[in-house]
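Going down the list, the protein sequences come from chains U and C. Following numbering that gives the first Met the number 0, the residues of the first sequence are numbered contiguously, the last one being 315. Following numbering that gives the first Met the number 0, the residues of the second sequence are numbered contiguously, the last one being 315.
Derived by calculation from the structure, the hints in this document are not laboratory data. Careful: at least some of the hints might be erroneous.
Because identical chains cannot be distinguished in the list, a pair is counted as satisfied if it fits within a single copy or across any two copies.
Here are the computed lysine-lysine pairs in the DSS-like style, where the Cα-Cα straight-line distance is at most 30 angstroms [stated by the list, open to error]: (1) Lys129 with Lys146; (2) Lys96 with Lys168; (3) Lys177 with Lys146; (4) Lys129 with Lys168; (5) Lys21 with Lys217; (6) Lys177 with Lys229; (7) Lys168 with Lys127; (8) Lys129 with Lys177.
Bear in mind that the values here come from a model prediction, so they are computed numbers and not experimental data.
Number of protein chains: 2
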Amino acid sequence: MATLKLPSTIPSPSEDCEQLQKAFAGWGTNEALIIQILAHRDGAQRKKIRETYYQTHGEDLLKDLDSELSSDFQHAVLLWTLEPAERDAYLANEATKRLTASNWVIMEIACTRSSHQLLCARQAYHAKYKKSMEEDVAHNTSGDYRKLLVPLVSAYRYEGDEVNMTLAKSEAKTFHQKICDKAYNDDELIRILATRSKAQLNATVNQYNNQFGNAITKDLKADPEDEYLKFLRSTIKCLTAPEKYYEKLLRLAINKLGTDERALTRVVVTRAEVDLQRIAEEYQKRNSVTLVHAIAGDTSGDYEKMLLALVGHGDA
Amino acid sequence: MATLKLPSTIPSPSEDCEQLQKAFAGWGTNEALIIQILAHRDGAQRKKIRETYYQTHGEDLLKDLDSELSSDFQHAVLLWTLEPAERDAYLANEATKRLTASNWVIMEIACTRSSHQLLCARQAYHAKYKKSMEEDVAHNTSGDYRKLLVPLVSAYRYEGDEVNMTLAKSEAKTFHQKICDKAYNDDELIRILATRSKAQLNATVNQYNNQFGNAITKDLKADPEDEYLKFLRSTIKCLTAPEKYYEKLLRLAINKLGTDERALTRVVVTRAEVDLQRIAEEYQKRNSVTLVHAIAGDTSGDYEKMLLALVGHGDA
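Build the full structure now, drawing on both the sequences and the hints.
Below is the structure:
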């Protein structure tokens with residue numbers, strides 16, 4: 000469930016563009032007006048606004064937002080305004096660059112999007128970077144991470160509900176055997192994670208629990224300091240219980256000494272139209288405080304207002 | 000260039016269906032009429048015919064063709080009538096089954112189709128088999144073949160013409176180093192083959208030739224008996240010069256003691272609407288005999304007539 004709130008009547012794209020122009024005009028920028036408009040329009044509506052803005056003002060709205068705003072607020076508004084596929088392409092590209100490299104962001108995009116969404120991100124990547132996403136991921140990662148990440152971003156998983164229980168049982172055994180052998184980068188293990196449908200993987204994870212008495216993610220905690228093992232656990236979480244993965248990501252970002260704004264922004268912006276409601280519920284259950292409250296306590300100014308609007312706090 | 004010949008005026012799908020029904024009626028089957036219709040309709044037209052046939056006769060045309068025809072002719076007509084994406088899904092699925100297993104067919108589909116065509120085949124695979132293509136390939140292949148095939152079928156390559164010459168030079172060096180080390184299943188080598196655009200790979204192969212004085216496929220002939228090495232050479236050929244790959248496949252299929260009809264049918268049927276003209280030119284250049292002549296000399300009956308029609312011999 001999304002947290003995005005839309006007003007009962009949506010102004011036309013040209014009205015929105017006119018208002019945005021007003022927000023940019025004169026000496027100061029009217030940030031509240033920008034939030035009031037953009038944080039309450041869905042992907043299709045924002046796309047229309049960008050198109051209309053370009054037609055009437057001959058300039059990319061993103062470029063104007065970029066020059067009018069600054070710091071975390073700017074970053075949140077820009078990421079949010081992008082179409083989901085373009086945004087994923089951008090995030091994945093940043094995650095393959097040396098200075099902003101992040102295996103985590105790549106894994107997150109590969110594992111939490113639907114097959115169709117991931118495909119659209121790969122198409123947007125072609126269009127924007129004149130290369131393929133898997134090409135850059137393969138070229139810029141290495142070792143065990145590469146071995147896991149390349150098939151994850153290349154997957155086009157089956158999305159039906161059908162589950163083969165015999166297969167789930169046998170692949171749960173495979174997982175158990177590999178974990179016992181500490182063969183965490185084993186080909187079979189990666190094959191299963193990178194190619195099976197999410198429904199099938201879920202059945203396998205359940206079978207693991209039934210047959211061996213522990214959650215697979217628990218058995219993967221053999222060495223709590225092992226960074227790759229941590230990564231593997233999160234991959235399984237992203238594939239089978241993304242809301243739990245995101246809850247933890249938010250928790251760590253918010254509790255960190257000096258909030259991790261990049262992570263906080265990324266989760267709110269990429270999930271507000273998808274399942275942020277569900278993530279917020281997980282958050283409250285786990286932290287005994289609402290996500291709104293936690294964000295409000297940890298951020299300030301226009302950045303805070305933007306995030307809270309996206310989390311569904313207040314009126315549209 | 001395609002070899003498929005269409006009549007100057009195309010009958011409506013309902014007229015075609017009526018004629019097909021006539022061809023099926025009574026004691027014998029009118030094979031000539033079936034060829035006259037189906038072998039001279041393009042993919043979109045055949046799709047329309049199948050839809051119309053189902054609407055008017057309540058039966059899948061493929062099922063009726065299956066029961067009316069037999070042996071190689073039947074196989075050719077059925078494969079041809081399928082939509083390209085469905086056909087690729089079917090061929091790939093057959094190639095992952097134990098009795099009809101073929102790493103070659105999987106590689107051929109992964110490497111000679113456009114990114115969009117391969118994606119459509121993967122979508123058709125979902126729809127028909129309730130699984131993903133890469134899932135079955137990964138599950139049913141092993142060793143070096145699996146290591147190469149899974150990323151090949153999962154690729155969604157960039158298709159623009161842009162080439163990075165610095166990269167081509169450095170990756171040509173990588174190829175050379177790995178070949179010198181006989182590290183034919185090396186991660187880097189597979190990464191390059193499985194993720195780079197075809198234009199980029201072509202530049203790399205050219206750079207290899209320039210820098211090291213030999214074609215890369217020649218240097219990959221170190222051990223002529225090594226089956227995997229043969230497979231690797233063909234993969235590079237499929238990616239950079241598919242018409243040469245197909246010419247050789249046809250040559251071997253036709254010259255074999257007791258023609259390899261499966262391969263012959265597959266090439267003609269899958270390429271007739273794509274580049275069979277170009278392949279036939281290669282064939283004539285290499286064998287000093289036209290492809291039409293070679294096929295006519297090696298096949299007979301309705302099967303021969305069907306193939307010759309698809310190769311563009313005679314009138315539509």
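So, going through the hints one by one against the coordinates:
1. Proximity of Lys129 and Lys146 under a CA criterion of 30 angstroms is satisfied in both settings, with 23 angstroms inside one chain copy and 26 angstroms between copies.
2. With identical chains, the CA atoms of Lys96 and Lys168 are at most 30 angstroms apart between copies only, with a shortest distance of 21 angstroms across copies and 40 angstroms within one.
3. Taking identical chains as interchangeable, the C-alpha atoms of Lys177 and Lys146 lie at most 30 angstroms apart whether they share a chain (16 angstroms) or sit on different chains (19 angstroms).
4. Taking the shortest alpha-carbon separations for Lys129 and Lys168, only the inter-copy value of 19 angstroms comes in at or below 30 angstroms, while the best intra-copy value is 42 angstroms.
5. Within a single copy, Lys21 and Lys217 get their C-alpha atoms no closer than 54 angstroms, and across copies no closer than 66 angstroms, so neither meets the 30 angstroms cut-off.
6. In this assembly of identical chains, the alpha carbons of Lys177 and Lys229 lie at most 30 angstroms apart only when taken from the same copy (16 angstroms versus 32 angstroms across copies).
7. Taking the shortest alpha-carbon separations for Lys168 and Lys127, only the inter-copy value of 24 angstroms comes in at or below 30 angstroms, while the best intra-copy value is 42 angstroms.
8. In the homo-oligomer, the alpha carbons of Lys129 and Lys177 lie at most 30 angstroms apart only across protomers (27 angstroms), although the nearest pairing inside one protomer, at 39 angstroms, exceeds that limit.
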